[in-house]
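Visitor: Given next are the chains, with one letter for each unit.
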Amino acid sequence: MFEAVAFYLFAALTLVMFTITVMTSQALYALTAMAAGMIFISAFFFILGADFLGAIQIIVYTGAVMALYAFGMMFFDTTRRVVEKRTNPRFIIVLGAISAVLVALIVLAPIVTNNLNAYYPIDPSVGNTQAIGMVLFTKYLVPFELAAVMLLVAMIAGIVLAGKKMDKSLTLMAEEEIALLHASNVTSSTEEAH
Amino acid sequence: MEITLTHYLVLSTILFSIGLIGVMRRKNLLMLFFATEILLNSVNIGMAAISHYRGDYTGQMFAFFIIAIAASEVAVGLGLLIVWYKRTGKIDLDLMTSMKG
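Taken in sequence, the protein lines are chains R and F.
First residue of the first sequence: 1, per our numbering; consecutive thereafter.
First residue of the second sequence: 1, per our numbering; consecutive thereafter.
Keep in mind that the hints were calculated from the coordinates and are not lab data.
Do not take every clue at face value.
Listed next, the in silico DMTMM-like pairs over lysine to aspartate or glutamate satisfying Cα-Cα at most 25 Å (straight line) [as the list claims (entries may be wrong)]:
id: 1; chain 1: F; residue 1: Lys90; chain 2: R; residue 2: Asp51
id: 2; chain 1: F; residue 1: Lys86; chain 2: R; residue 2: Asp123
id: 3; chain 1: F; residue 1: Lys90; chain 2: R; residue 2: Asp123
id: 4; chain 1: F; residue 1: Lys86; chain 2: R; residue 2: Glu176
id: 5; chain 1: R; residue 1: Lys139; chain 2: R; residue 2: Asp123
id: 6; chain 1: R; residue 1: Lys139; chain 2: F; residue 2: Asp94
In silico contact screen, one side only, chain F against chain R (beta carbon under 7 Å); selected entries [stated by the list, open to error]:
id: 7; residue: Met1
id: 8; residue: Ile3
id: 9; residue: Leu20
id: 10; residue: Phe34
id: 11; residue: Ile38
id: 12; residue: Leu39
id: 13; residue: Gly55
id: 14; residue: Asp56
id: 15; residue: Thr58
id: 16; residue: Ile66
id: 17; residue: Leu93
id: 18; residue: Leu95
id: 19; residue: Met96
id: 20; residue: Thr97
Bear in mind the structure is a predicted one, so any value in this text is a computation, not a measurement.
Beta carbons: idealized from backbone N, C-alpha and C, even for Gly.
Looking at chain R on its own, in the form it has when it is part of the complex (with noise of 0.2 Å):
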């Protein structure tokens, strides 16, 4: 009973964030209501049982990913509203029915596949957190390693492109210095294209 109510407020509730996320013209709006379902979907994995998933979820979505976004956004201008143009209307026909086909497929998952065994089966002697590192420092080690080398490539890449002309600071210059820095941006951009 308990399980039953906290799903079906924890599902109205995030599908309300996304919704608005997918919806609203302004990325103020968007980025807060997706930080709220970011935390509302943690909390499926505290019923589902899965502890550090949660604890994970909370901790990467909502204090890195989306601290990440926040700070990206103070490049954009984020108060402009978000145009949205209509595309080609049989194009998104196409779309939709792709969408509809892997809907079919997704629904009809766990039925096709009810005869399955369980490769690491859950434990119930152990908390679910010592479980995780028993089996991702066992069985997952290398896809571990690998996901680690992914981020230290995905850091050094995100220093380096966002870092370009950190040098420069955009609040302390007058604006006609900052008129010129646009102006030697627009030419060495335009020699590139040549």
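Starting from the structure of chain R, add chain F where the hints point.
Guide: Coordinates of chain F only, in the frame set by chain R:
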């Protein structure tokens, strides 16, 4: 009133559809990134639910790797987006037609 695996899979599918709608209708690249995050998160719910109802840790493991991939995707994607915005002043998808094809 018991919550079964189907409940979670239907919820995961609905969230995935919301993300797909976002990917289809957004032209602003930042909003497109938000929609991709929704897609990844909806799949994570399905993974954790299957892990719970099948009594297997594999689903949770895959959810961890999906989270790691999402984090690195955001780092690289936002870096590229900032570079593009510094160059052009816009992050609209329709204006990224520099290739003559």
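Visitor: Look at each hint and say if it fits the structure.
Guide: Structure-based check of each hint:
With a CA separation close to 41 Å, the supplied pair Lys90 of chain F and Asp51 of chain R exceeds the 25 Å bound. Taking the CA atoms of Lys86 of chain F and Asp123 of chain R, the gap is about 52 Å. The hint is violated against a cut of 25 Å. At most 25 Å may separate the alpha-carbon atoms for a hinted pair to count; Lys90 of chain F and Asp123 of chain R exceed this at roughly 52 Å. Distance hint between Lys86 of chain F and Glu176 of chain R is fulfilled; the C-alpha atoms sit about 17 Å from each other, no more than 25 Å.
Our distance criterion of 25 Å between C-alpha atoms is met by Lys139 of chain R and Asp123 of chain R, whose separation comes to about 15 Å. Only pairs whose Cα atoms come within 25 Å are accepted, and Lys139 of chain R paired with Asp94 of chain F is rejected, the gap being roughly 44 Å. Annotation: Met1 of chain F was flagged as interfacial toward chain R, and the flag holds, the nearest CB pair being 4 Å apart, inside 7 Å. For Ile3 of chain F, the interface hint holds, the least distance from its beta-carbon to any beta-carbon of chain R being 5 Å, beneath 7 Å.
Hint status for Leu20 of chain F: holds, given a least beta-carbon distance of 5 Å to chain R, under 7 Å. With a least beta-carbon distance of about 5 Å to chain R, the hint placing Phe34 of chain F at the interface is held under the 7 Å criterion. With 7 Å as the threshold, the beta carbon of Ile38 of chain F comes within range of chain R, its nearest partner Cβ sitting at about 5 Å, so the hint holds. Because the closest C-beta pair between Leu39 of chain F and chain R is about 10 Å apart, greater than 7 Å, the hint is violated.
For Gly55 of chain F, the interface hint holds, since its Cβ comes within 7 Å of a Cβ in chain R; the closest pair sits about 5 Å apart. Here the hint on Asp56 of chain F is kept, as its CB sits about 4 Å from the closest CB of chain R, short of 7 Å. Annotation: Thr58 of chain F was flagged as interfacial toward chain R, and the flag holds, the nearest CB pair being 5 Å apart, inside 7 Å. Hint on Ile66 of chain F is violated. Least Cβ distance to chain R is approximately 10 Å, over the 7 Å limit.
The restraint placing Leu93 of chain F at the interface with chain R is violated, with a minimum CB-CB distance near 9 Å, outside the 7 Å limit. Using the Cβ-Cβ criterion of 7 Å, the hint placing Leu95 of chain F at the interface with chain R is not satisfied: the shortest such distance is roughly 11 Å. The beta carbon of Met96 of chain F comes no nearer than 13 Å to any beta carbon in chain R, farther than 7 Å, and the hint placing it at the interface is violated. For Thr97 of chain F, the interface hint is violated, the least distance from its beta-carbon to any beta-carbon of chain R being 13 Å, above 7 Å.
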